[in-house]
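Peer 1: These are the residues of each chain, in order.
Number of protein chains: 2
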Amino acid sequence: MTPTAAPGCEGFLAKLRNAWKQSGSMLCVGLDPDPRRFPLHLRGRTNAILEFCAGVADATAPFACAFKPQIACFASAGAEDQLTGLMEHLRAFHPQIPVVLDAKRGDIGSTAEHYAREAFERYKADAVTVSPYMGGDSINPYLAYAGRGVIILCRTSNPGGADLQALPVGLATARGQVAPPEAAPFAGHCALYEHVAHLAATRWNAGGQIGLVVGATYPGELRRVREIAPDLPLLVPGIGAQGGDIEAAVGAGLDRRGFGMMINSSRAILYVSSGGDYACAAARVAEQTAEAIRRAARRQTGDAHPAGGRR
Amino acid sequence: MTPTAAPGCEGFLAKLRNAWKQSGSMLCVGLDPDPRRFPLHLRGRTNAILEFCAGVADATAPFACAFKPQIACFASAGAEDQLTGLMEHLRAFHPQIPVVLDAKRGDIGSTAEHYAREAFERYKADAVTVSPYMGGDSINPYLAYAGRGVIILCRTSNPGGADLQALPVGLATARGQVAPPEAAPFAGHCALYEHVAHLAATRWNAGGQIGLVVGATYPGELRRVREIAPDLPLLVPGIGAQGGDIEAAVGAGLDRRGFGMMINSSRAILYVSSGGDYACAAARVAEQTAEAIRRAARRQTGDAHPAGGRR
Chain A
1 MTPTAAPGCE
11 GFLAKLRNAW
21 KQSGSMLCVG
31 LDPDPRRFPL
41 HLRGRTNAIL
51 EFCAGVADAT
61 APFACAFKPQ
71 IACFASAGAE
81 DQLTGLMEHL
91 RAFHPQIPVV
101 LDAKRGDIGS
111 TAEHYAREAF
121 ERYKADAVTV
131 SPYMGGDSIN
141 PYLAYAGRGV
151 IILCRTSNPG
161 GADLQALPVG
171 LATARGQVAP
181 PEAAPFAGHC
191 ALYEHVAHLA
201 ATRWNAGGQI
211 GLVVGATYPG
221 ELRRVREIAP
231 DLPLLVPGIG
241 AQGGDIEAAV
251 GAGLDRRGFG
261 MMINSSRAIL
271 YVSSGGDYAC
281 AAARVAEQTA
291 EAIRRAARRQ
301 TGDAHPAGGR
311 R
Chain B
1 MTPTAAPGCE
11 GFLAKLRNAW
21 KQSGSMLCVG
31 LDPDPRRFPL
41 HLRGRTNAIL
51 EFCAGVADAT
61 APFACAFKPQ
71 IACFASAGAE
81 DQLTGLMEHL
91 RAFHPQIPVV
101 LDAKRGDIGS
111 TAEHYAREAF
121 ERYKADAVTV
131 SPYMGGDSIN
141 PYLAYAGRGV
151 IILCRTSNPG
161 GADLQALPVG
171 LATARGQVAP
181 PEAAPFAGHC
191 ALYEHVAHLA
201 ATRWNAGGQI
211 GLVVGATYPG
221 ELRRVREIAP
231 DLPLLVPGIG
241 AQGGDIEAAV
251 GAGLDRRGFG
261 MMINSSRAIL
271 YVSSGGDYAC
281 AAARVAEQTA
291 EAIRRAARRQ
301 TGDAHPAGGR
311 R
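Going down the list, the protein sequences come from chains A and B.
Numbering-wise (this note's numbering), the first sequence opens with residue 1 and increments by one.
Numbering-wise (this note's numbering), the second sequence opens with residue 1 and increments by one.
It is worth saying that the hints were derived from the structure and are not from the lab.
For every residue, glycine included, the Cβ atom is placed at its ideal position computed from N, Cα and C.
Any given hint might turn out to be false.
To give a feel for the contact side, a few chain A residues facing chain B, derived at Cβ under 7 Å [to be verified]:
id, residue
1, 10
2, 80
3, 104
4, 108
5, 115
6, 134
7, 136
8, 160
9, 164
10, 170
Using the sequences plus the hints, can you model the full thing?
Peer 2: Structural data, given as structure tokens:
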């Protein structure tokens, strides 16, 4: 099997840019199915996970620039066939919206090739999330799929993310000294997440396929990542249940074209209603969230914002 | 579902210590099935992956202290049912040998709970490998399963591992200064992997469930990890195909009881023969590898080694 771009498809980044423009939205709808929170009429149904996610996706598609299925939710339920069905559904009915498989994989060599095959051949995702801990050669097997997106964890939305990501780092020299990293804002150190952002924006990104995960819960760090990586698409979790502020996140993360972010919301959209109207209720909140993001972007860019004339 | 220890089972660490003593072996047999390299008589068979892995496990069990199925190999092939079957087979026929599910997961909160459920409830693994990049709170959902093992990536066996893991790190202070980490060998910095080893051996390890992944390809770093974490079990990949030296790895990583390591070999054992004798051929190499590890340990500890009287 030779890694290639998705047959007949443009690359992830082109698809995402087009989705930003066409929808005027930077909302990413996270598909994190939890059967314990499903509407009563779906509980116990054989394909409940697929039906639930497809229902939410169909209803929220007009307000979304991306979908992000969380593979852990399918894996814990042994529902790989339903994930396959969902990915087929998204490709068939929403081909213009890129799908980021949230898997946060990280391994080396032949094992990473297996994970890349899982994401890009088995599930045919447009992009996948990965961990940078094992370094550049652990990311190459994903990049070998030309045009597919590889979204690298940078500064995650959880407080414990700081345990490693906020550590001041230097560069080891051959003489046993410590030199300042390229991303250091002054002579000395930078935080590990800044160094990851720098690697992702430069050395690791030969094919222009890379994006970064940066939590909305840390707008100061989000702003630093945008400075270091002015052109990378950012996947931004942490609004809604985790308490991140839309206004602050948009102010920190917009790119110079006035887009640049996939601001993710999962539970706050998925579980608005546990009645038969769950999809419409999800659409209502998705529309409100997309509009709140758009308003925040307009406040940043004024009339210059490409989505400025909408609504 | 309430996280608990495996029903009727001792914890991972007790099981591993017992396996070290009973087998006198520190060999971990990595089960990384690649159907393209299977014996001819298995190719095309419905359950070829399960048959192949079970065959290798049965033949190598006398020489193994642990089995390590690589979940990526099953995921790329859509073979979750065969992984389930393999785990059932290992529990039924080799209940004394702990099984480490190599998944290298890393995520937060409810998503990490899903991954923990995948590893410990769906597949009923004794231990799982995880990434430290997202910090301590990303590891807690696995630790909530009392007695299960959580093996954290520390210094991986690939050259690119140095991209992040070898970076000199300090600790940020409230006053914007950089303080030396607890694991710093002198006043100043330590490498990121040393800091991870320190966190894993102290703050993160309240329940005594944690182990570390350290590559045999970097014996100097392996020795440092053993100094920082004298009692943690180490999963040591990188001998065989990756070129790590058994003698150097054992010299660097033994604990004070003369064990302390699961030295992994996968491809060098699995694909010795592509004939009908593949399992016996695998057993032969497993026995030789376990014996080479034992000899190296004896050279380190002399008559004091608990496996010294064997063979």
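Peer 1: If a hint holds in the structure, say so; if it does not, say that too.
Peer 2: Status of each hint after checking the structure:
Hint status for residue 10(A) relative to chain B: violated, with the closest Cβ pair at about 25 Å, above 7 Å. Because the beta carbon of residue 80(A) sits about 6 Å from the nearest beta carbon in chain B, less than 7 Å, this interface hint is met. For residue 104(A), the interface hint holds, the least distance from its beta-carbon to any beta-carbon of chain B being 5 Å, beneath 7 Å. Hint status for residue 108(A): holds, given a least beta-carbon distance of 4 Å to chain B, under 7 Å.
Residue-level restraint check for residue 115(A) holds (minimum Cβ-Cβ distance to chain B is 5 Å; threshold 7 Å). Given the 7 Å rule on beta carbons, the hint for residue 134(A) holds: about 5 Å separates it from the nearest Cβ of chain B. Taken as an interface hint, residue 136(A) checks out: its beta carbon lies about 5 Å from the nearest beta carbon of chain B, inside 7 Å. Residue-level restraint check for residue 160(A) holds (minimum Cβ-Cβ distance to chain B is 3 Å; threshold 7 Å).
Interface restraint check: residue 164(A) against chain B, minimum CB-CB distance 6 Å, threshold 7 Å, status holds. Look at residue 170(A): its Cβ gets to within about 5 Å of chain B, closer than 7 Å, so that hint holds up.
Consistency with the previously given hints fails for number 1 only.
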